[in-house]
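Residues in the sequence shown are numbered consecutively from 6, following the numbering used here.
To be clear, the hints were calculated from the coordinates, so they are not data collected in a lab. Bear in mind that the values here come from a model prediction, so they are computed numbers and not experimental data. Glycine included, C-beta positions come from ideal geometry on N, C-alpha and C. Take these hints with a grain of salt, some might be off.
To be verified - Listed next, with one range per pair, are the computed distances between beta-carbon atoms:
(1) 49 x 165: 35 to 41 Å
(2) 159 x 48: 20 to 26 Å
(3) 31 x 79: 33 to 39 Å
(4) 106 x 53: 19 to 25 Å
(5) 107 x 40: 31 to 37 Å
(6) 78 x 105: 15 to 21 Å
(7) 160 x 40: 30 to 36 Å
(8) 44 x 120: 22 to 28 Å
(9) 62 x 39: 15 to 21 Å
(10) 41 x 79: 28 to 34 Å
(11) 48 x 162: 24 to 30 Å
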Amino acid sequence: MQKLLIILLLGFSYFGCSQSADTPRMSFDPFEKMASYKSIIKKRKLNVQYVFVINYKEHSGRKRLYVIDILHNKIVKKIMVAHGEKSETQTGYATDFSNVSGSNKSSIGYAIVSQRAYSKWGTHVKYWLDGISKTNTNMRPRVMVLHSYEYVPEYETYPLPIVTSLGCVMISKTDMTYIDSLINKQKNKRLLMDIQG
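Sequences and hints are given; from them, build the entire structure.
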């Protein structure tokens, strides 16, 4: 019995360590495209302070949606975000993207976070996304929106992947409440989102 208890404790310890948040993550600078952000914001007359940057090259078990404040050059918050179910092959990494309806894949490129509307998922709030890059022009026709889902965690799960979406930018209910509050406080509620993959 004592040996069994020791084996169970060792197994738990190993499993816990394997998911350590200290595991090196890929290098990523959400401010690298700052000049492009400012140019698009000026041209499209978007919110001049906040930009959402998604790094789909990172594992889904990592926080990879960055809320950045470009006026003060700082990361305000990092958030867990799901990608499209057909964008990966059970690895936790999104490797395939599409602009085609029914593909259930994420789209990459620049998008504008637009109108707030009702959602049947999560907090029942969604934001329409309008793609402005050649790679995501069908975001609105595909109903690819920013919304929440109860099974998206707000904590990192690496090396375990999180749930996938049908292509939408899908976050936790807690993080959606935060995003919704942030946008509602803005005079200009149209924000730039950069989805990288």
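Given the hint of 19 to 25 Å, check if residue 106 and residue 53 actually sit that far apart at their C-beta atoms. violated (33 Å)
For the pair residue 62 and residue 39, does the Cβ-Cβ distance stay inside 15 to 21 Å? holds (19 Å)
Given the hint of 31 to 37 Å, check if residue 107 and residue 40 actually sit that far apart at their C-beta atoms. With a Cβ separation near 36 Å, residue 107 and residue 40 satisfy 31 to 37 Å, so the hint holds.
Can you tell me whether the CB distance of residue 41 to residue 79 sits inside 28 to 34 Å? violated (18 Å)
CB-CB spacing for residue 120 and residue 44 relative to the 22 to 28 Å hint: holds (24 Å)
Can the suggested window of 20 to 26 Å be confirmed for the beta-carbon pair residue 159 and residue 48? The hinted range 20 to 26 Å is violated for residue 159 and residue 48, with Cβ atoms some 34 Å apart.
At the C-beta level, are residue 31 and residue 79 separated by a distance inside 33 to 39 Å? Check failed, 21 Å falls outside 33 to 39 Å.
Assuming the hint says 24 to 30 Å, is it satisfied by the Cβ distance from residue 48 to residue 162 or not? Cβ of residue 48 to Cβ of residue 162: about 38 Å, so the range 24 to 30 Å is violated.
Check the following: the C-beta atoms of residue 49 and residue 165 are separated by a distance inside 35 to 41 Å. Given a distance of about 38 Å, which is inside 35 to 41 Å, the answer is holds.
Residue 105 and residue 78 - C-beta distance against the hinted 15 to 21 Å: Roughly 37 Å apart at Cβ, these two residues miss the hinted range, so it is violated.
CB of residue 160 to CB of residue 40, is that within 30 to 36 Å? The hinted range 30 to 36 Å holds for residue 160 and residue 40, with Cβ atoms some 33 Å apart.
When each numbered hint is compared with the structure, violations occur for hints 2, 3, 4, 6, 10 and 11.
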